[in-house]
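Peer 1: I would like the entire structure built from these sequences, with the hints used as guidance.
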Amino acid sequence: MKDLIDDHKSRASTWFRSLRDDIVAAFELLEDTQGGDAAAGRFEITETKRTGDDGGDAGGGLMSVMRGGRVFEKVGVNVSTVYGTLGERAQKAMAARGVPGMETDPRFWASGISLVAHMQNPRVPAVHMNTRMFWTPNAWWFGGGSDLNPAIEYADDTAFFHAVLKEHCDKHDPAYYDKFKAWADEYFYVPHRHRARGVGGIFYDDLNTGDWEADFAFTQDVGRAFLPAYLGCVEKRRHEAFTDADREAQLVHRGLYAEYNLVYDRGTKFGLETGHDANAVLMSLPPIAKWT
Numbered sequence: 000m001k002d003l004i005d006d007h008k009s010r011a012s013t014w015f016r017s018l019r020d021d022i023v024a025a026f027e028l029l030e031d032t033q034g035g036d037a038a039a040g041r042f043e044i045t046e047t048k049r050t051g052d053d054g055g056d057a058g059g060g061l062m063s064v065m066r067g068g069r070v071f072e073k074v075g076v077n078v079s080t081v082y083g084t085l086g087e088r089a090q091k092a093m094a095a096r097g098v099p100g101m102e103t104d105p106r107f108w109a110s111g112i113s114l115v116a117h118m119q120n121p122r123v124p125a126v127h128m129n130t131r132m133f134w135t136p137n138a139w140w141f142g143g144g145s146d147l148n149p150a151i152e153y154a155d156d157t158a159f160f161h162a163v164l165k166e167h168c169d170k171h172d173p174a175y176y177d178k179f180k181a182w183a184d185e186y187f188y189v190p191h192r193h194r195a196r197g198v199g200g201i202f203y204d205d206l207n208t209g210d211w212e213a214d215f216a217f218t219q220d221v222g223r224a225f226l227p228a229y230l231g232c233v234e235k236r237r238h239e240a241f242t243d244a245d246r247e248a249q250l251v252h253r254g255l256y257a258e259y260n261l262v263y264d265r266g267t268k269f270g271l272e273t274g275h276d277a278n279a280v281l282m283s284l285p286p287i288a289k290w291t
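The sequence shown begins at 0 in numbering that gives the first Met the number 0 and counts up one residue at a time.
Incorrect hints may appear among the rest.
[Said to hold, decoys possible] Using 20 Å as the maximum straight-line C-alpha spacing, the simulated EDC-like pairs for lysine to aspartate or glutamate come out as follows:
{"id": "1", "residue 1": "Lys170", "residue 2": "Asp204"}
{"id": "2", "residue 1": "Lys178", "residue 2": "Asp205"}
{"id": "3", "residue 1": "Lys235", "residue 2": "Asp5"}
{"id": "4", "residue 1": "Lys91", "residue 2": "Asp205"}
{"id": "5", "residue 1": "Lys1", "residue 2": "Glu212"}
{"id": "6", "residue 1": "Lys91", "residue 2": "Glu272"}
{"id": "7", "residue 1": "Lys180", "residue 2": "Asp104"}
{"id": "8", "residue 1": "Lys91", "residue 2": "Glu212"}
{"id": "9", "residue 1": "Lys48", "residue 2": "Asp204"}
{"id": "10", "residue 1": "Lys8", "residue 2": "Asp169"}
{"id": "11", "residue 1": "Lys180", "residue 2": "Asp169"}
{"id": "12", "residue 1": "Lys268", "residue 2": "Glu87"}
{"id": "13", "residue 1": "Lys268", "residue 2": "Asp169"}
{"id": "14", "residue 1": "Lys1", "residue 2": "Asp104"}
[To be verified] Ranges between beta-carbon positions, derived for each pair:
{"id": "15", "residue 1": "Gly209", "residue 2": "Lys1", "range": "18 to 28 Å"}
{"id": "16", "residue 1": "Ala216", "residue 2": "Leu250", "range": "33 to 43 Å"}
{"id": "17", "residue 1": "Gly266", "residue 2": "Glu239", "range": "26 to 36 Å"}
{"id": "18", "residue 1": "Arg66", "residue 2": "Ser9", "range": "26 to 36 Å"}
{"id": "19", "residue 1": "Thr84", "residue 2": "Gly231", "range": "38 to 48 Å"}
{"id": "20", "residue 1": "Pro99", "residue 2": "Asp210", "range": "10 to 20 Å"}
{"id": "21", "residue 1": "Leu250", "residue 2": "Gly209", "range": "42 to 52 Å"}
{"id": "22", "residue 1": "Gly266", "residue 2": "Ala24", "range": "19 to 29 Å"}
{"id": "23", "residue 1": "Glu87", "residue 2": "Asp169", "range": "39 to 49 Å"}
{"id": "24", "residue 1": "Gly35", "residue 2": "Ala213", "range": "41 to 51 Å"}
{"id": "25", "residue 1": "Asp56", "residue 2": "Ala213", "range": "42 to 52 Å"}
Derived from the structure by calculation, the hints contain no laboratory data.
Glycine residues also receive a C-beta, built at the ideal position from the N, C-alpha and C atoms.
Peer 2: Shown next, in the form of structure tokens:
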């Protein structure tokens, strides 16, 4: 059984790293083909480390951030594989979600990819994507999704993004898209602003059908859906002229995005509470935002 678990962990971690490499290459190609006087943006790669409560190695990953590019004002693509023992608050949060055995054996292992892109052109939507696998001695599950966050919404962009996600969900279960779209609408809602963070996408967590191969295959397809879904929107808008009013709308919308990520996002809370690199955890924050 241990050999099987180790195999699953290795395959998941390797996949997330492979997806990271594909996305980084695609984003740098966008920079190369954008044109303009500014230099094409490139990712700066930083190795991240997590230190366990005993001071020993507890995993880490790669933080890849591009700033000031032709297309991307700031984009981060992070991968990590971390492990150790959950702290008391994290144990209680897991137990409240129904994860068994937290009170007797709070060890954990987690691996995933997390991406957030903030764009130069306000007419190009910001975007978020992540997929992950989580293991404890008494449970395992997958989670993730992607969602579009335009400052200026275009209905055809929203429809296209969702259509690609639905196509990939339907390969696995015809009920998945509607279920996970509704979950995203609920999860990415900003209660104190009485509005959604963006135009949604899909979100799922605690996915364990009992068939690890099937759940991993679905999670891989969620990752594969990201580039065609998002690049279709980027290609359509990245050369459009924009106004000062467009930029103002973008900066104000980024304020909403920052509020959500700092107040409500479960991944942000988990990363900080488990001692992961704070710069990597807060990579999602926009470079410039505005509150009116």
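Peer 1: The structure should be examined with respect to each hint, and the outcome stated for every one.
Peer 2: Going through the hints against the structure:
1. Lys170 with Asp204: 19 Å, holds
2. Lys178 with Asp205: 13 Å, holds
3. Lys235 with Asp5: 43 Å, violated
4. Lys91 with Asp205: 16 Å, holds
5. Lys1 with Glu212: 16 Å, holds
6. Lys91 with Glu272: OK: Lys91 and Glu272 at ~12 Å, within 20 Å.
7. Lys180 with Asp104: Since the Cα atoms of Lys180 and Asp104 sit roughly 34 Å apart, the hinted pair is violated (cutoff 20 Å).
8. Lys91 with Glu212: 29 Å, violated
9. Lys48 with Asp204: 25 Å, violated
10. Lys8 with Asp169: 26 Å, violated
11. Lys180 with Asp169: This hinted pair holds, its Cα atoms lying about 13 Å apart.
12. Lys268 with Glu87: At roughly 13 Å apart (the allowed maximum being 20 Å), Glu87 and Lys268 satisfy the hint.
13. Lys268 with Asp169: It is violated: about 31 Å lies between the C-alpha atoms, which goes past 20 Å.
14. Lys1 with Asp104: Cα-Cα ~16 Å, so holds.
15. Gly209 with Lys1: 18 to 28 Å: 19 Å, holds
16. Ala216 with Leu250: 33 to 43 Å: Check passed, 40 Å falls within 33 to 43 Å.
17. Gly266 with Glu239: 26 to 36 Å: Between Gly266 and Glu239, where Cβ atoms are some 32 Å apart, the hint holds.
18. Arg66 with Ser9: 26 to 36 Å: 32 Å, holds
19. Thr84 with Gly231: 38 to 48 Å: Given about 43 Å between the Cβ atoms, the range holds.
20. Pro99 with Asp210: 10 to 20 Å: 19 Å, holds
21. Leu250 with Gly209: 42 to 52 Å: 46 Å, holds
22. Gly266 with Ala24: 19 to 29 Å: For Gly266 and Ala24 the Cβ distance comes to about 24 Å; the hint holds.
23. Glu87 with Asp169: 39 to 49 Å: 41 Å, holds
24. Gly35 with Ala213: 41 to 51 Å: 45 Å, holds
25. Asp56 with Ala213: 42 to 52 Å: 33 Å, violated
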